[in-house]
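J.: Residue numbers (the working numbering): 188 to 414.
Since the hints were derived computationally from the structure, they do not count as laboratory data. Each residue gets a CB set at the ideal place from its N, CA and C atoms; glycine is no exception. Among these hints, one or two may not hold up.
Stated by the list, open to error - With a straight-line cut-off of 30 Å between C-alpha atoms, the simulated BS3-like cross-links for lysine-lysine are: (1) Lys360 - Lys222; (2) Lys222 - Lys233; (3) Lys233 - Lys360.
Stated by the list, open to error - Pairwise CB distance ranges (calculated): (4) Gly352 - Leu237: 31 to 39 Å; (5) Pro243 - Pro380: 35 to 43 Å; (6) Leu237 - Gly344: 20 to 28 Å; (7) Ala256 - Trp348: 25 to 33 Å; (8) Val283 - Leu234: 27 to 35 Å; (9) Pro369 - Arg345: 37 to 45 Å; (10) Gly344 - Val310: 33 to 41 Å; (11) Leu314 - Ala242: 23 to 31 Å; (12) Ala229 - Thr296: 33 to 41 Å; (13) Lys233 - Val355: 29 to 37 Å; (14) Trp348 - Ala242: 38 to 46 Å; (15) Pro243 - Gly352: 17 to 25 Å.
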Amino acid sequence: MSSPPRWMPTRRPRWRRTALRCRRCGGASLAEPGKAWLLVCALLAKLSLLVWLIAPAAALDWQVGRIAAEPWRMLTAALVHLSLLHLAANLSGCAVLALLGWRAALPATAAWAWLLAWPLTQVGLLLRPELSRYAGLSGVLHAGVAIAALLLATRTGRERWIGLGIAVGLGLKLALEAPLGPVLRQVPGFDFPVAPFAHLSGAVAGVLAWRLTMRGFERSPRSPHGT
């Protein structure tokens with residue numbers, strides 16, 4: 188069988204052309220403001236649902252005595268929930284953050300900061316060893332709020348004021364929760380104990396992650412959606 192003339196261009200196999208198009212489209216999509224943030228929200232929500240359905244809590248929650256030998260708990264503890272109400276409350280918070288990130292068109296660097304803050308939130312719990320066990324996404328959600336507030340505060344006009352307002356509201360909430368007091372607190376209407384220090388740890392982790400990932404970047408551009 189004769190080979191094609193040398194002047195004829197060789198065509199890539201169809202599967203390679205398709206993969207190349209998908210890779211280009213996917214990369215462009217994640218680079219669009221807000222898209223990577225939405226992906227992190229979806230990841231946290233889906234993993235939380237998956238853990239609720241199939242995973243034993245004792246194998247994944249935060250246990251201070253086991254963290255050295257089982258470091259994966261720094262990630263998985265945030266995905267464990269103690270009741271259906273606990274899960275629903277945190278999924279609702281995740282949805283609110285998804286809407287905020289999309290409306291504010293948060294850049295992909297904000298999503299990277301949030302991913303970095305995820306394990307850092309649980310690492311901060313080592314400062315309160317009396318909190319021997321912990322589970323829930325609320326600390327990581329507080330990290331996301333802190334990152335979004337800081338990003339908005341670097342902008343101009345109305346978005347700047349919104350960011351500052353969110354930051355002030357977050358600070359007031361943390362202060363009212365008295366995170367340096369008892370490690371667990373019962374809240375009326377909740378069928379699970381709240382760990383206020385985890386919220387403080389998440390907010391601080393968000394600030395640290397923002398500093399590590401955003402340092403050296405110019406001011407965040409304004410959202411095309413309006414916040």
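J.: Determine which of the earlier numbered hints do not hold for this structure and return their numbers in increasing order.
T.: 5, 6, 7, 8, 12 and 15
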